[in-house]
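Asker: Just so you know, the sequences run in chain order A and B. Here the first sequence is numbered in the numbering used here, starting from 1 and rising by one per residue. Here the second sequence is numbered in the numbering used here, starting from 1001 and rising by one per residue.
I should point out that these hints are in silico values taken from the structure, not numbers from a laboratory. Think of the CB as a built atom: it goes at the ideal place given N, C-alpha and C, for glycine as much as any other residue. Watch out, some of these pointers could steer you wrong.
What the hints assert, rightly or not - Think about it this way: if two alpha-carbon atoms lie no more than 30 Å apart in a straight line, the pair counts; the simulated DSBU-like pairs of lysine-lysine are:
(1) B/Lys1069 to A/Lys485
(2) A/Lys312 to B/Lys1602
(3) A/Lys458 to A/Lys28
(4) A/Lys458 to B/Lys1030
(5) A/Lys312 to B/Lys1620
Unchecked claim - Chain A regions said to be covered by chain B (calculated; three or more residues, Cβ under 8 Å):
(6) 236-247
(7) 300-314
(8) 370-383
(9) 414-424
(10) 435-444
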Amino acid sequence: MYNHILSIVLFTPLLGALVLLLIPKEQKNAIRWVANLFSLAGLLISLPLIPWFWALRTQSGFKFIEGAPNTWIPSIGAGYYLGIDGISFLLIMLTTLLGWISILSSWNAIQDRVKEYYVWFLVLQTGMLGVFMALDFFLFFVFWEAMLVPMYLLIGIWGGPRKLYAAIKFFLYTLLGSVLMLLAILFLYFHHHTVTGAYTFSIPELYQTAPQIPYHYAIWLFLAFFIGFAIKVPMFPFHTWLPDAHVEAPTAGSVILAGVLLKMGTYGFMRFSLPFFPQVLDPIAHPAVRGTIITLSIIGIIYGALVSLVQKDMKKLVAYSSVSHLGFCTLGIFALNQAGLSGSLLQQINHGISTGALFLIVGILYERRHTREIAEYGGISNVMPVYATITMIMFLSSMGLPLLNGFIGEFTILQGAFIESKAWAAWAIPGVVLAASYLLWLYQRVFFGPVNNPKNEKLQDLTPREVLCFVPLILLAFWIGLYPKPIFQIMDQPVQQIVQTVRPDLNKPVLAQTPIPSAAQALPVEAGK
Amino acid sequence: MFFLNHIWVIPLMPIASAAVMFFFGRRLSKQAVNAFCVGTIVLAFAWSCLAVYQYSSYAAAHDNAPFEKVLFTWAGSDGVMLPTHSGHPAPFKAEAGFLLDPLSAIWLLFVTGVGMLIHIYSTGYMAHEGGYYRFFGYLNLFMFSMLTLILGNNYAMLFVGWEGVGLCSYLLIGFYFQRHSASTAANKAFIVNRIGDASFLMGMFTIFWYFGTYRFTDITSVARSGQIAIGDPWMIAITLLLFGGACGKSAQLPLYVWLPDAMEGPTPVSALIHAATMVTAGVYMVARSNALFVLAPPSMKVVAIVGALTAIFAASIGLVQNDIKRVLAYSTVSQLGYMFLALGVGAFAAGVFHVFTHAFFKALLFLGAGSVIHAMGGEQDMRNMGALAKKIPTTFKTMFIATLAIAGIPGLAGFFSKDEILWQTWSRNDGAFRALWVIGFITAVMTSFYMFRLIYLTFFSQSRMSHEAEHHVHESPKSMTVPLMVLAFCSVFAGYLGLPPSLGGTNRFEKFLHPVFAAEAHQSAEAVPAKEEEHAPPIEYGLMLLSIGAGFGGWWLASRAYGKAGKGYVEPIDAAAQAVYTTLLNKYYVGEGYDYLFTGRKKLGPIRLGAIGLGEASWKFDANVIDGTVNGAGWITRLSAAFSNWWDKWVIDGVLVNGPAILAKMVSYPVRLFEWGLVQWYALVMVVGLVGFVWYAIR
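Using the sequences and the hints given, assemble the complete structure.
Answerer: This is how it looks when you write it as structure tokens:
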């Protein structure tokens, strides 16, 4: 099992989907049980990875390698080639956990076409895991595209009133990015052949040749990858598919979409954009590239938060808050130092936990009242106290309160960004204030006050199944908030490696750095002295 | 050294009890809740006393060094290296570490001590309220956060407590969450504090970038090593950013607006959080960062000026408020201003001393006010009170003592601490500081006036109560009055710990703090030099007499104005200058201004500004421009698809493919006429042909 753990984790959900195909579609409860069992199995089977990976955390390179380059379709150099490092390990654990939770949360929410729903969900799960495991570009691209179809169907069939618009928008927008990325992949592939004489899609091998591509080609390749990933993240101004997709998607779809799918973009930045194109990202030779991306990230942080503030639909509010949170993630990545990257990865996990929970929270009210209008609610904490408490904890985690997970991520990212530029941190930090504003205002309008709407008087508090969905998320939120050290230790090695590739000179001590940096760079507050 | 070594147990006790409340509180009886929640604080207080006692011998053995205990690395790790200002990379990490030195010892003692009294008081005050366990759970959570704030050994730990107390403040202000005003006040408190926190965070980032660590002891030793020049721009930036955080938490201009609204919470909360402990966190943080502040004289001036302005600004509003708790709230803002004034002039010990004495008499005033409100059945408007002195004598006596203390009547705690601040302000060798002294002096008169106004309107003058209210009035239970008496005792005698040499004392308080501020006394003398020769008794005694005059003067004015106030009494300020009175009554319209400019809750004509205004504009931009572009791209694609469809159907297929076919069809038509497929026709043609041929042949 140790040697094939990745394949086992990868294909358990797909196996579940195949088993589901054998069950008659009328037996809805049997289908639900089997789907839940397989998603739980998918989670449980991934758990041994934790101690196993922990033991190897300090080793460099990819671990648990399975298959080899060029073994699948040798004629073109594609291989069934899997492997993980600290970055993909954390995202895989997040995926198996959220996969289980979202399937568990769909028990009552999905009543039509139950069989197809679970089949597609499990296929989606395999697709997502594949993206994080693949070490072969061909395989990666297959998973990347394969994942789009189930998500498209989940939104398009089980979605809300404007589901078709949202599903098509999601599909086409993402596809546009993938096409550009495919072109860039092919360039790398042929370039590798030119240099070495061998055709291969193996990512570790491409790591060797890609950084040597001259800047005037590399910038276009970088851009092609960038647009593909930026759409997925989504970064401002490529974000407008997200609110539509979220609002229309079923609850579990939103959880997975926010929790895992968006992370493919940030994962892509960390796995491909940074190690492939250090020549483009060199902050001294080409400051404008990084500057532009950081600017977009900061706009995303503030703008997403401001738009959240005025939303009337809870789900849309949470969707826009994702834009803001993911802005922090990209800010951290392109700070290009260890704190920025570690913080960003941690924040990706945190976002999966908190925002995943927020979508569950919205979904629970929606299931009971079939509306997401904030104005329809008020005084909910009188009738649903357990729900109100859990919501408060997750809101606090989302707004970055210390001793909960969100703080560690934001704090680390902002410290990393600050080291690069005082101004970046200063511009991003109002996002922290705005996050508190939109979340607390939402909480006040939904939970506080007397129950004014008679329809809300008899709402049922959480069922044990619903509580079960939240328990792991709350435990993780506290654990990461209280003792994130193990996660930092897991991230240290891969993050160091990226920083080493992109900025080999960063952490070499610069002696006798005199004089004190000019005050022109100083913070705005200093102007008043 | 057991208690000192396990100092981290002190914050752990209340959080454990809070956890019990959140999980099982609903099922516990009130006695059980009391046993857990009050019991842990009593234990925490005892533990704190023992730890401080053990620290004194530790300090004697270790050259007054602070005691530090690091439990584990909390955020970050040794592997996360970041470049820093010095050119050497430093590991980004924040530890879960604890520190005890004289400064934190003082906070530790009065936070647990006053906290304990307020917990006991609350068992009486909240006895008939719903959500009893929830209240005590929050209160214990607060104690945990506050103790973490005090005992943390680095800025990150301090920030944990800092945000934690903010959260508890939010939860407790919004305790009566069904009231819209309460939940709004709670939000306001949290969000305004967050603005300060953002500034504080920037300060922390700058500190890490500059020093490569968040740890107090490391930072202090670098700051005191003489490597950093006085007036270093980065020290100014750091200290101003930290002070921005303090402005939020300690309610200074311009971020003070949340504190008066915070009075929506239950009164014990106002006493504990919004008077005695949490709001002094900003003072603690600045005092903790004293080594940095002395390197930044301009920041010190900012601190002093903001402090003095806040003191007089808030006191002036307090002159005319009618809600008993609001008077005390503005008084708290004003007194915090005094503390910052002290810090700003470099008199750190004097500022801390005022925090210490203020904790007792302000907690007492709030608890007394709570007792009055309790007696009056919830009435908070002083216009409907009067002549309560005989009906609730214990409350009256203790509150009167606290009033004497805060007003600066000689012999009580407040006199010594406030006088010390004023004297230190005066004795700075800079003319500008004399202006601050004048502000401080006027504020002292105002303080005395509004406090005695409160006393006269509540306890003396004529009864303005309704008959039912008058009938209802009763003295509070022992659980409430005993804490009042203990606090009254402290309000009298706490001042003698800091008796200045000029009055025959030795200022033991300042001596105790000496290890923390020692180096500053010397450095700040350079930064803000004092006129040593002026430290001569005659002026000090003269100023002291003036201070005494201020205290008694305010008392005299208040007694003249309100001594016999009956129904419909006249406010002297209203009579003298109505415009001034209305402005003060409306708190200078600052809240309205903020709503127009910053929050956007109110529209300025047709335009909405502030965060909500920006949000609406961004939302419109998003829906129309950005999404419009995306949809536009989709529309263009569909349009071009429709055109392609037309082109394909009519031009490519129509003209180019079907065209030749039609042409061929047209050309072939005449020929086709001969090929109709009708046998009769063929026969006819054959016959006609044959006939024709025959005819041609015969001819």
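Asker: Please go over all the hints and tell whether each is borne out by the structure.
Answerer: Hint check results:
1. Restraint check for B/Lys1069 and A/Lys485: the C-alpha separation of about 18 Å stays at or below 30 Å, so the hint holds.
2. Of the pairs offered as hints, the one joining A/Lys312 and B/Lys1602 holds, with about 18 Å between alpha carbons and a cut-off of 30 Å not exceeded.
3. Simply put, A/Lys458 and A/Lys28 have alpha-carbon atoms about 28 Å apart, close enough for the 30 Å limit, and the pair holds.
4. For the hint pairing A/Lys458 with B/Lys1030, the CA-to-CA distance comes to about 29 Å; that is within 30 Å, so the pair holds.
5. Taken as a hint, the A/Lys312 and B/Lys1620 pair is honoured in the structure, with Cα atoms around 13 Å apart against an allowance of 30 Å.
6. Three residues within the 8 Å Cβ limit are the bar, and the region 236-247 of chain A against chain B gives 4, so the coverage statement holds.
7. With 7 residues having a Cβ less than 8 Å from any Cβ of chain B, the region 300-314 of chain A passes the three-residue criterion, so the hint holds.
8. By the rule of at least three residues with a Cβ nearer than 8 Å to a Cβ of chain B, the coverage given for the region 370-383 of chain A holds, with 3 such residues.
9. Beta-carbon proximity to chain B at under 8 Å applies to 6 residues in the region 414-424 of chain A; the threshold of 3 is reached and the given coverage holds.
10. Coverage of the region 435-444 of chain A by chain B holds [criterion: at least 3 residues with CB-CB distance below 8 Å; count 5].
Of the hints listed earlier, there is not a single one the structure fails to meet.
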